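A.B. asks: Letter by letter, the chains look like this.
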Amino acid sequence: MKIKILVLAIFYLIGSFNLSNAANSEKVDQISKNLRCLICQGQSVYDSQSDFALSMKILIQKKIDEGKNDEQIYDFLKSKYGEWIVYDPEINKNTVLLWVLPLILFVFGGLLIFRKVSIK
Amino acid sequence: MVKNIKLITVVFLVIVSFFILLKGLNKTNNYSPKLNSSKIDFNFKAKFLYSDEESTLYELINDKDYSIINIWASWCLPCREEHPFLLNLKSLDKLNIIGINYKDKEINAKKFIKELGNPYSKIVVDPSGVNSIELGAYGVPETILINNNSKTILKKYIGPLDNKKLDELKIIIKNEN
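First to last, the sequence lines map onto chains A and B.
Numbering of the first sequence is given in our numbering, commencing with residue 13 and proceeding in unit increments.
Numbering of the second sequence is given in our numbering, commencing with residue 61 and proceeding in unit increments.
Do not rely on the hints blindly, as some may be mistaken.
To be verified - Below, a list of computed lysine to any residue pairs in the SDA-like style, where the Cα atoms sit at most 25 Å apart: (1) B:Lys216 to B:Leu149; (2) A:Lys90 to B:Tyr217; (3) B:Lys105 to A:Leu123; (4) A:Lys90 to B:Leu149; (5) A:Lys45 to A:Glu78; (6) B:Lys225 to A:Gly94; (7) B:Lys165 to A:Ile70; (8) A:Lys45 to A:Asp63; (9) A:Lys92 to B:Leu73.
Derived by calculation from the structure, the hints in this document are not laboratory data.
Computed from a predicted model, the values in this text were never measured in an experiment.
Build the full structure now, drawing on both the sequences and the hints.
C.D. replies: Right under this line is the structure:
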């Protein structure tokens with residue numbers, strides 16, 4: 013009986029240890045999914061197993077341990093590698109069309125529907 | 061009326077996509093290595109290759125007016141090719157060459173230096189690659205020219221050095237003051 017309890021306790025400890033470890037790396041996953049792996053075409057840092065991506069993941073973990081929040085980590089990487097590293101493009105004169113076009117199409121489509129309905 | 065709107069929509073979409081594609085043709089969509097800031101406003105600690113002591117980045121780029129940080133590894137073939145160019149740069153008085161040994165085995169790194177000569181005044185190791193990432197590196201080899209006084213990155217080369225880059229580096233160092 014005692015042995016059973018001991019075994020259970022050990023498993024419990026291992027489990028909780030893994031869980032507390034996983035909490036942080038989940039955060040790394042979350043951030044690295046939003047980062048473009050710059051040396052591999054069409055992959056995120058999360059997906060890639062390249063040296064660059066592996067180091068990047070360690071760095072993100074390090075930054076999290078230092079108490080940096082998501083925004084600070086993204087800003088840090090943007091200042092190092094330029095805006096291209098994040099998948100989320102900022103609004104500037106090159107990307108304004110990208111952001112505005114869906115809105116224009118939405119309004120246009122709405123107008124079409126409105127016309128159709130009011131004609132009926 | 062409805063027919064008209066359909067026609068206008070199609071024409072509008074065609075024109076818009078035409079201009080988007082035209083713009084896309086003229087623009088290279090590779091990553092832009094342009095940096096938001098070239099200031100070295102960070103620091104890291106790294107262990108020396110030839111001793112167990114550690115040094116910070118600021119301490120490393122303390123000597124002389126300029127530093128070249130060269131990221132290399134013994135397993136990297138282009139590093140072997142660029143090595144003579146680094147040895148060539150060693151003769152410049154104002155310049156201090158620092159090696160960052162990237163994701164390498166120490167024994168192989170030492171063998172590499174023994175075989176090809178040592179252009180570096182200091183070599184630190186970066187087994188996890190994190191320090192190189194802090195410097196904004198993509199991989200090996202990579203060469204970064206730093207003004208030690210203003211702590212700014214003057215020039216960055218991704219890939220091995222060659223004759224052209226060597227001349228360029230020398231001109232930058234000559235003209236900076």
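A.B. asks: Determine for every hint whether it applies to the structure shown.
C.D. replies: Status of each hint after checking the structure:
Proximity of Lys216 (chain B) to Leu149 (chain B) is assessed by CA-CA distance (about 15 Å); at most 25 Å being required, the pair is judged to hold. Restraint check for Lys90 (chain A) and Tyr217 (chain B): the C-alpha separation of about 18 Å stays at or below 25 Å, so the hint holds. With a C-alpha separation of about 61 Å, the suggested pair Lys105 (chain B) and Leu123 (chain A) falls outside the 25 Å cut-off, and the hint is violated. With a CA separation close to 31 Å, the supplied pair Lys90 (chain A) and Leu149 (chain B) exceeds the 25 Å bound.
A threshold of 25 Å between alpha carbons decides the hint, and for Lys45 (chain A) with Glu78 (chain A) the separation of about 20 Å falls inside it, so the pair holds. Of the supplied pair hints, the one linking Lys225 (chain B) and Gly94 (chain A) holds, its CA atoms being roughly 23 Å apart against a limit of 25 Å. Pair hint Lys165 (chain B) plus Ile70 (chain A) holds up; C-alpha atoms about 19 Å apart against a cutoff of 25 Å. The hinted pair formed by Lys45 (chain A) and Asp63 (chain A) meets the criterion: a straight-line CA distance of about 16 Å does not exceed 25 Å.
The hinted pair formed by Lys92 (chain A) and Leu73 (chain B) fails the criterion: a straight-line CA distance of about 38 Å is larger than 25 Å.
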